[in-house]
Amino acid sequence: METHDHNATINEKTKFSPDMFEKASGASTEDNEKISAPSLSFLQDSWRRLKKNKAAVISLGILLVIMVLAFSAPLISPHSPYTQYSGQTSLPPKIPGIDINGLNGTTTAGGGERFDKYAQVGAEEGTYYILGTDSLGRDLLSRILYGTRVSLIIAFAAAFFDLTFGVIYGLVSGWKGGRVDNVMQRILEILSGVPNLVVVILTLLVLEPGIQAIIIALAITGWIPMARIVRAQTLKLKNQEYILAAQTLGESSIKIALKHLISNLSGVIIIQTMFSIPSAIFFEAFLSFIGIGIPAPLASLGTLINDGYKTFQFLPHIMWYPAGVLCVLMISFNLLADGLRDAFDPKMKD
Amino acid sequence: MNHYLKYLGKRVFYMFVTLFLIASITFFLSKLLPGTPYTNQEKLSDQQIEIMNEQYGLNEPTVVQYGIYMGGLVTGDLGTSFQYDNTPVTKLLSTRIGPSLQLGFQAVVLGTFFGIILGVISAMKQNTWIDTSATFVAILGRSIPNFVFAVLLQLIFAVKLGWFPIALWNGGFESSVLPTLALAIGPLADSARFIRTEMVDVLSSDYIELARAKGLSRWIVAFKHGVRNALIPLLTILGPMAVALMTGSMVVENIYAIPGIGEQFVKSILSNDYPTIMGVTILYSAMLVLIILVVDIMYGIVDPRIRVSSEGGN
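In the order they appear, the protein sequences are chains A and B.
In terms of this note's numbering, the first sequence opens at residue 1030 and continues consecutively.
In terms of this note's numbering, the second sequence opens at residue 4 and continues consecutively.
Treat the hints with care, since some could be wrong.
Far from chain A by the CB rule (all over 10 Å, computed), these chain B residues [to be verified]:
id, residue
1, L8
2, L32
3, N56
4, P148
5, F150
6, K227
7, H228
8, T284
In silico lysine to any residue, SDA-like type, Cα no more than 20 Å apart, as pairs [what the hints assert, rightly or not]:
id, chain 1, residue 1, chain 2, residue 2
9, B, K227, B, A214
10, A, K1339, B, L155
11, B, K163, A, G1090
12, B, K270, A, L1236
13, B, K34, A, A1274
14, B, K163, A, W1349
15, B, K163, A, T1340
None of these hints come from the bench; they were simulated from the model.
Predicted, not measured: the structure shown is a model, and the values here were computed from it.
In this text, a Cβ means the ideal position worked out from N, Cα and C, and glycines have one as well.
Just chain B, with the same shape it has in the complex (with noise of 0.2 Å):
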């Protein structure tokens, strides 16, 4: 267990080293961004220029900036936005980080669900016309572009049939149900292939060979002894999952007018916003390190054989 903690220790030191250089790196960047803040800068008198500039702390000199942003990245403050009337960007990014969580836990959940259902299927029906058909599945969720995805669900669903709103948002499941359709095929498509993978490798082991010669069906077989087996190398594919919905949100909150990180994002990096771009780039980066972590802790804790085998290599 101390190994196992001597482990854990060095996973979050470097979990802290990368999320600095991460902040240090996008500072720097933000240094070398062609444009400045304010949209008309040739109708401003020098003496509003210097005025502004002070107000925004950009008088100082570049490491008394970066000295500042790291300072204030400690206790929570990601500075303040050039758009939006000045407003801090950690309430900025605070009251659109609802959304986005909402859709991102609905999308994994429902993706995940159906994509576990369809690979273990997949997997029992092996080399068979429900199995091509599953497989084929998976290819075009994992082929379509999701905004490619969305618009079409938007086109089918909201615009021909009616049954859901065009894009609008008000938290409610009505305005949520297509992008999270949107969001989750990526999950399923991820998810399914990879229990697939999976199931056909646990499937021939030999404690499913002796459950089925005990006298259990095959199916009780697959989803008693199976599935659990198979769910456990599932956690390695959240971390890339994660990233393939933040990437996805950005057009899918678009695509649907959702008031949340991404379309925050998109907005921010069409009007030179720096401080809220490097706000979303920390914060997704911080959330990509600890879904990492946690991933990686999880997988310690459900398959001890992870642990011993850390403990003795590393």
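Bound conformation, chain A alone (with noise of 0.2 Å):
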């Protein structure tokens, strides 16, 4: 009873006169259907959001950098990086036009004054080694940018049969389920039950040393995470609405895997991939500075750092340069992939 006759004093306190209302013109509502943010797409939408952390961004410049200089090494590299200037062992660094103690090419190496070594070894004027030479005589920046040339070359070819293999292996397990996906994955058990280290150095030591070694050494373990990563995403993806409606259609699994799957598993993909690399180029580092790396005279940034260490008590700057860029490379590369995953990770979506 009570709230009737509130109703009905509101009735009566609110009188409507036409006046008081406008017309709505007629797009009004196309307009609010609108959507006002471009429309973008999942790469786009990602890397929105990459450009969002600066982190990534400079790691992401710094990579470039370091990759236009590894890869151009046989164009810009000042000597070669195998030819021995005999007697011009051991050099401190040396800069035209830079004068600071260090950089110019006198050393205190052995104690006492500080000297000018290139005068002292013989070296005829305008002989620069921007970074010095090695204890062989071989100039350093010429050794570090093919170094860093191999090193990255054994990195990308690494995470590239993973990303192949893994996927392959983690979409057929994921898809085909049931029997086929047990024995897959029991095999897999087994397999992560070896220590990688173990796996790899066996098989350097059955294969020819060389680069090719160590990518197939390093693609023999690397892609068992992949294939997990992507058996698992396939599983949650395949009972998706747009996967049966696929697969109702009559659309073949070849298809739906390359169509549907691999597009939507593309982030993981991406992701996975990107911190596969930095654990490659570290393994490489890791085999070459214990002597099954890179044979001789090929140069990885493993091996150069092994050389340096050999003299690094007395001769340190031969061992911290190409150790320098090894750190800066994972580093780079683990920002970018924490980047990365960040923006790809849709719970992350603001």
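Assembly of the complex is requested from the two constituent chains, each provided in isolation within its own frame, with the hints serving as guidance.
So this is what it looks like as structure tokens:
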């Protein structure tokens, strides 16, 4: 009763006259439906988010610079990385036009007064080794450029194999399910019980030493995490409506995998690949450091660090330059991979 | 419980299958390896080689050698080293496992302890400069290869400052400081990162809200209720951590001249000492599968939800 009275009073109070209303214009419904922000594809959206992550953008920049320098090594290196300039061994850095101790060809190596090492070994006027020479008289800068190139080639190739094999294995296992999945997962379980290190080292011992051997050794072990992640995601995706729709419409499994699964998995695949690159760089450097990596005279960052380590107490620069490049590469790849993971992770979407 | 025992039995069975496969693969790979165990084969007469082959059992057909090797494995006999005066591999490794285990243990304890602290602080001070710098430390730790880090420590604290021996092992505290630090950086970075993610999750859960609503202070809640629950998933990274330590120990032990397994492994690889390589391979694999198994069992004990789901699922 009470509420009824209440409504009645409101109706009495609110009297509507026609002039209180304005006719809506015809276009307004369309305006309401209009999406004001530009429509972005998945990759554009991720890129937009990645750009907000300063560390990742800077890392990307650094990586691009290093890659361009490394891959144009044959064009830009001032000397051959293999020529041994006899007599001009272990020279300190000397950069034209710069007169700062440590960068002008002088050294205090062996203790005592600072002296011009270049003059001492009788190098011609105008001889410059920007980062100095190693203990065999080879230009360190050129060796680092070539070494970085070798390290990057190995890392990219290993990551490529991880990607192809891991994605295929994961897709098949997840998509087929049932007994196939069971068998494939048992195989993975057994394989993951073997330490990577052991497999890599055994493979390297069996194969002829060289770049290919390292790539194969890294590829044999590296695909397992990728296969696992892709399988887990495939299991999630395969019961989604659009996949069922595609199946109902009679699309073949291979086409569904290529058109629907891979495109929806691209985020996790890219992230995982980005993490497998620095791990390949590390493994290559590690193997070369213990002496079973790239054979001489080829250089990689690992062999350069190993060479430098032999004399690091007296000539630390021979080790620190390649070690610095290695660390910068690793940090940049890791930061970029972290950034990409945040950018692709829809849960983080703002 | 019966289900759980069955599950455990299955796991142990897979563990032995894994080890058996690893041992077999290692054995047959070693038969493919180039080079011979003899340093100066050209100088040896055919007869001498024959005698030596007989001594090492290399004159038997491969299948027989395989049988002998696998039979030996069951009794803990890993064969005889080609180097080091024909020492049995088991003896060679058992004298060296002490330093490696000591360093590995110290590194895990030190690394995870400080990693947890770093991760908790990071999560509590989310998105502040403290968080950013802690995350950066973790990324540095993950990115800088431990051999570079080991050499850096050696240069600063041993060569320049002279606080610790450069490369010496006497089992004492001083000689273990630098190698432990060099090995601890990996576990530190991993656990800091892991704990941060877990803590961020845990801190937003209902029971934390409740504890806060009851008037407990943020830090007490974080340490009494948060860390405990964030710690459980940390168990899962023990396996990968152990692998990283094995890898790390190979270079770190070499850099600091520590008579451990890793140093022996590198030496054996460089001198084609196949029995020792196989021995270390099997030892490392056994350690890894054992750690994975123990972690799974512990996980089931610490977090009953996992046990339930494994009963229902697999």
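Structure-based check of each hint:
Chain A leaves B/L8 outside its interface by the beta-carbon criterion, the shortest separation being 19 Å against a cut-off of 10 Å. For B/L32, the requirement that its beta carbon stay farther than 10 Å from each beta carbon of chain A is not met, with the minimum near 5 Å. Under the 10 Å C-beta cut-off, the non-interface status given to B/N56 relative to chain A holds; the minimum distance is some 21 Å. Interface exclusion of B/P148 from chain A breaks down, the closest Cβ pair being 6 Å apart, not more than 10 Å.
Annotated as non-interface, B/F150 brings its C-beta within 10 Å of a C-beta of chain A; the closest such distance is 5 Å. Taking the minimum C-beta to C-beta distance to chain A, about 28 Å, the non-interface status of B/K227 holds against the 10 Å cut. Residue placement check: B/H228 keeps its beta carbon more than 10 Å from all beta carbons of chain A (closest about 24 Å). Residue placement check: B/T284 does not keep its beta carbon more than 10 Å from all beta carbons of chain A (closest about 5 Å).
Straight-line distance between C-alpha atoms of B/K227 and B/A214 comes to about 10 Å, which keeps the hinted pair within the 20 Å bound. A threshold of 20 Å between alpha carbons decides the hint, and for A/K1339 with B/L155 the separation of about 14 Å falls inside it, so the pair holds. Distance check on the hinted pair: B/K163 and A/G1090 sit about 35 Å apart at the alpha-carbon level, beyond 20 Å; violated. Only pairs whose Cα atoms come within 20 Å are accepted, and B/K270 paired with A/L1236 is accepted, the gap being roughly 19 Å.
For the suggested pair B/K34 and A/A1274, the alpha carbons sit about 54 Å apart, so the restraint of at most 20 Å is broken. Straight-line distance between C-alpha atoms of B/K163 and A/W1349 comes to about 16 Å, which keeps the hinted pair within the 20 Å bound. Between B/K163 and A/T1340, the direct Cα distance comes to roughly 15 Å. Compliance with the 20 Å bound is thereby established for this hinted pair.
Hint compliance for this structure: hints 2, 4, 5, 8, 11 and 13 are broken, all remaining hints hold.
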